[in-house]
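Asker: Fit chain B to the supplied structure of chain A, relying on the hints for placement.
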Amino acid sequence: MTPVADEIRIDVPVSGAPGRGVLTRLGSKLGNGFVQLLLTLIALFWLVPVFGLLVASLRDESANTGSGWWTVFTKPAELTLSNYAELVANKAVWQSFLNTFYIAVPATVLVVVMASLASYALAWIEFPGRETLTVVVVGLLVMPIQVALIPVAKLFGALGLFGTITGVVLFHVAFGLPFAIFLLRNFFTGIPRDLIEAARMDGATEWVIFKRVVLPVAKPAIASLTIFQFLWVWNDMLVALVFADQDSAPITVALRAQLRQFGTNIDLLATGAFLSMVVPLGVFLLFQKYFVQGVLAGSTK
Amino acid sequence: MAEVVLTGLGKAYGDGTRAVTDLNLEIRDGEFLVLVGPSGCGKTTALRMIAGLEQITEGTVHIGEQLVNDVPSRDRDVAMVFQSYALYPHLNVYDNIAFGLTLRKLPKSEIDHRVREVAEVLELTEHLDRKPRNLSGGQRQRVAMGRAIVRAPQAFLMDEPLSNLDAKLRVQMRAQIARIQREIGVTTVYVTHDQTEAMTLGDRVAVMRRGVLQQVGPPQELYDRPVNLFVAGFIGSPGMNLVSARLDENDGRYWVSLDSDALLLPESVLRGRPRLRQYVGREVVVGIRPEDMEDTALADAREGEILHSVADLVEAMGSDVLVHFPVDVPPVVTDDTRELAKDAGTDDLPRTAKGTVLVGRFSPRTRIYEGQPVAAWVDTSRLHFFDPVTGSSIWK
Numbered sequence: 001m002t003p004v005a006d007e008i009r010i011d012v013p014v015s016g017a018p019g020r021g022v023l024t025r026l027g028s029k030l031g032n033g034f035v036q037l038l039l040t041l042i043a044l045f046w047l048v049p050v051f052g053l054l055v056a057s058l059r060d061e062s063a064n065t066g067s068g069w070w071t072v073f074t075k076p077a078e079l080t081l082s083n084y085a086e087l088v089a090n091k092a093v094w095q096s097f098l099n100t101f102y103i104a105v106p107a108t109v110l111v112v113v114m115a116s117l118a119s120y121a122l123a124w125i126e127f128p129g130r131e132t133l134t135v136v137v138v139g140l141l142v143m144p145i146q147v148a149l150i151p152v153a154k155l156f157g158a159l160g161l162f163g164t165i166t167g168v169v170l171f172h173v174a175f176g177l178p179f180a181i182f183l184l185r186n187f188f189t190g191i192p193r194d195l196i197e198a199a200r201m202d203g204a205t206e207w208v209i210f211k212r213v214v215l216p217v218a219k220p221a222i223a224s225l226t227i228f229q230f231l232w233v234w235n236d237m238l239v240a241l242v243f244a245d246q247d248s249a250p251i252t253v254a255l256r257a258q259l260r261q262f263g264t265n266i267d268l269l270a271t272g273a274f275l276s277m278v279v280p281l282g283v284f285l286l287f288q289k290y291f292v293q294g295v296l297a298g299s300t301k
Numbered sequence: 001m002a003e004v005v006l007t008g009l010g011k012a013y014g015d016g017t018r019a020v021t022d023l024n025l026e027i028r029d030g031e032f033l034v035l036v037g038p039s040g041c042g043k044t045t046a047l048r049m050i051a052g053l054e055q056i057t058e059g060t061v062h063i064g065e066q067l068v069n070d071v072p073s074r075d076r077d078v079a080m081v082f083q084s085y086a087l088y089p090h091l092n093v094y095d096n097i098a099f100g101l102t103l104r105k106l107p108k109s110e111i112d113h114r115v116r117e118v119a120e121v122l123e124l125t126e127h128l129d130r131k132p133r134n135l136s137g138g139q140r141q142r143v144a145m146g147r148a149i150v151r152a153p154q155a156f157l158m159d160e161p162l163s164n165l166d167a168k169l170r171v172q173m174r175a176q177i178a179r180i181q182r183e184i185g186v187t188t189v190y191v192t193h194d195q196t197e198a199m200t201l202g203d204r205v206a207v208m209r210r211g212v213l214q215q216v217g218p219p220q221e222l223y224d225r226p227v228n229l230f231v232a233g234f235i236g237s238p239g240m241n242l243v244s245a246r247l248d249e250n251d252g253r254y255w256v257s258l259d260s261d262a263l264l265l266p267e268s269v270l271r272g273r274p275r276l277r278q279y280v281g282r283e284v285v286v287g288i289r290p291e292d293m294e295d296t297a298l299a300d301a302r303e304g305e306i307l308h309s310v311a312d313l314v315e316a317m318g319s320d321v322l323v324h325f326p327v328d329v330p331p332v333v334t335d336d337t338r339e340l341a342k343d344a345g346t347d348d349l350p351r352t353a354k355g356t357v358l359v360g361r362f363s364p365r366t367r368i369y370e371g372q373p374v375a376a377w378v379d380t381s382r383l384h385f386f387d388p389v390t391g392s393s394i395w396k
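Chains as they are written, first to last, in full-length UniProt numbering: chain A, 1 to 301; chain B, 1 to 396.
In short, the hints are calculated from the structure, not lab data. Only true hints are included.
Mimicking DSS-like on lysine-lysine, the simulated pairs with C-alpha atoms at most 27 angstroms apart in a straight line are:
| # | chain 1 | residue 1 | chain 2 | residue 2 |
| --- | --- | --- | --- | --- |
| 1 | A | K211 | B | K108 |
| 2 | B | K131 | A | K219 |
| 3 | B | K105 | A | K219 |
| 4 | B | K131 | A | K211 |
| 5 | A | K289 | B | K131 |
| 6 | B | K105 | B | K131 |
| 7 | B | K131 | B | K108 |
Bound-form chain B, shown alone:
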């Protein structure tokens, strides 16, 4: 077990395209770090450079104390779980798991002991004689895990290991990966484009965009204090509502206007974000998380905390209800939001003829139906503010 340190890590291809730029990350011994971002953000390239499968063109990678830039994969003593599992099709489960150990010329009895122990943990014991083609997707995934675990490497590298599983199995395996990693305490770098996986698995999460690290921190910190529009929009599901609004001051009270309504900023927000005062009279980007909204009928709402509209779409999830409603303010169009929309699979930003569509996550007791008026209470103490030009969070 060891720490993995990336210093100024970069990858540039011969034709000038860049996959990763100046990546600095210190992954502590035993830590579970998740690299997350939309496709093409360089997270997999970064992982492959740690693995030694991709030539490092700039910066360094240290595993343990050792500089490994020029060490071939086989000597780096790290194990990787591939998205496709990459099981050896001609070998049965036992030999698939044992492959790395036999190459290390361990004694047969030791190999047998370790393979059976791992098979026990992963509930593969009764499948040891089977070939990969006779296994279900979940079993294949576990064999791929077993192959990594059995080697007791310095670090685990996982490249979207759950993306080929169906939703239910994915949740199960997610829990199992978290449990196993905690039990054996191996430093783990886990790549995913799924922010739920990132939030639930990571001790820390690193959000990447176009090869550049945006923010790294514990999941809750990313959720509560995103450094910019991109992280704000990427973390959380459904994503944070982002709208352009004018910040006004009136008798020492600060307001943002959305459509015909205005939200009053509580003292706590201004204390936490002193720099916000500089934006008075200017446009800012206001971020409202869906879970920071509620049906007014079910909340203790006061003046300056309510948005009025008509429900466009009501999605009952059982545990809560997602209410979509338009407000007549321009949507935020920046590089960040465009990329987020692309990642979500929508070509366009969430807007209609009537401006921007907001999504609120209401209690299931709400009585709002499609086409009916909505009065949404906004937890104004949890509003987010961003600079419309730079996209950075407005703090101090």
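Isolated chain A, as found in the complex:
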């Protein structure tokens, strides 16, 4: 064999192509700078409410009722961590914070596991009625969650699941699956057929193909699904409000319960809200590295 193409390297000048004048280059640099400045401004503008929330959570009650959060720029000494100390000391809120985990983690894991298994079957295993089943499952996407609240509440009541974390999780799993299957099946069907067949020829069973070929290749889709599902469950209030009782309520419900009739109670709410925001942010950062495009690059052709 003679050397193949990738061992031959040709140096091509990357920047400062000789044909372009100084003015053009200066213009494009300035243009670039302007665009970047504009984007930074927009991003900052979007972050204002979050920043306000953060500041409010770091000021005590009197400061929050007396003046707006922006006074922090003139009186930075007002900042304190006392709200966070109080929140942790507040048993109801702290418990609800833990409850949110107990609900969101299983509701996410179950959906991702079940949806990836189901999607593999719907995408790659031939069985009678597969198309119909796919249409039915995905068609359930149009089912509004509100219609199901009362019948499911009755059912949970009969089963003794009403007011339990298990009940809330089950509801989230049921309503998370159609979208999850829709998303993953679409991704799985996009995997080249040859890849699946190559594994089959190599001696792989369906389970091995799923575990060792499809799952690794589908990492970006699974990462996005995980983030979506986790955010959806973490931020949910409606389902929890209906199915959870005081002991199993997640933070969204618990914070609402903390609202005083005639006061805003902003110090506690801001702190709780900010804390509840940090977790999904962490989940997002944890999985975002899988969003790297071109996972299939080099597999075929």
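Answerer: Just chain B now, with coordinates in the frame of chain A:
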């Protein structure tokens, strides 16, 4: 290693379309068989039925002594090289090659030994840690080969493995595939639409058309004695010139007339094709291979061996010169020739206002230029004759 036997193999889909019909082939142990034909001829479907990737609707497939119709792919112990290579994108070269072995739960040291040995043969040793996306097309192709070789299967199945490579690399890899197959002596079924690949690689070549096997035999036999118009036109490049002409007898001598010229059939042709005499006074299809023609100035031409025309186009290939020239005879229009033209990418048959365009492969010493008169010597002992209705070769 084993023989692969296809008996009455067929594939019909639910909507009634047929991909393969009554395919009978016996691929001997260690033989390199090439399935060739235009796209849609059923060759890939046939291969996939051997692989177990396609349900067999009629007939049987035996690998070794075993009937495998209902054996899943993973238990057939055959390896396949895909046109797209189908490498596992998340695994490096080493793990791609080792994948099949790890599934068989071989000891680690054995896997390592075999993977490195194969990598050595395929010159992949220094790339073992790389992911497929960081490999060139040729390297990917070799990894795909390695994945098949390392398993030491009963048979190799290859589905157009070279079609994604550029022309130069394709020739290199073609030689390498032939060498490796000979060295390890594994029964191989190779699918391609490229007749050059078929001719150079195959111990035997099977030509398929619309799901039906046309002819199977050693490459030279297909070239010398094609059974019908389709095989005649498909094998050889440029393709065989096919023209309609009248066969006449005059004083015990047999002639075919093309335009104002006539070709005299030598005794040897008539001896080899006794049935030809029955066609006297009727139209026959005459086939002339481009390489059986030469510039008269460079050949020892006699009466009844020369065609006169004007050069339409002259293509200098270096090693030889392709001269295109029209003759005023109707081109052969049958299903076969239409399909061949479609496969060659031309909508129409090679004809101009002046009839049919013939192509001759002349020696590079020829002095013929475009627009100049051509006198082409035809090796009449190598003429082919076909029945214009059935398209079959006229032999006995």
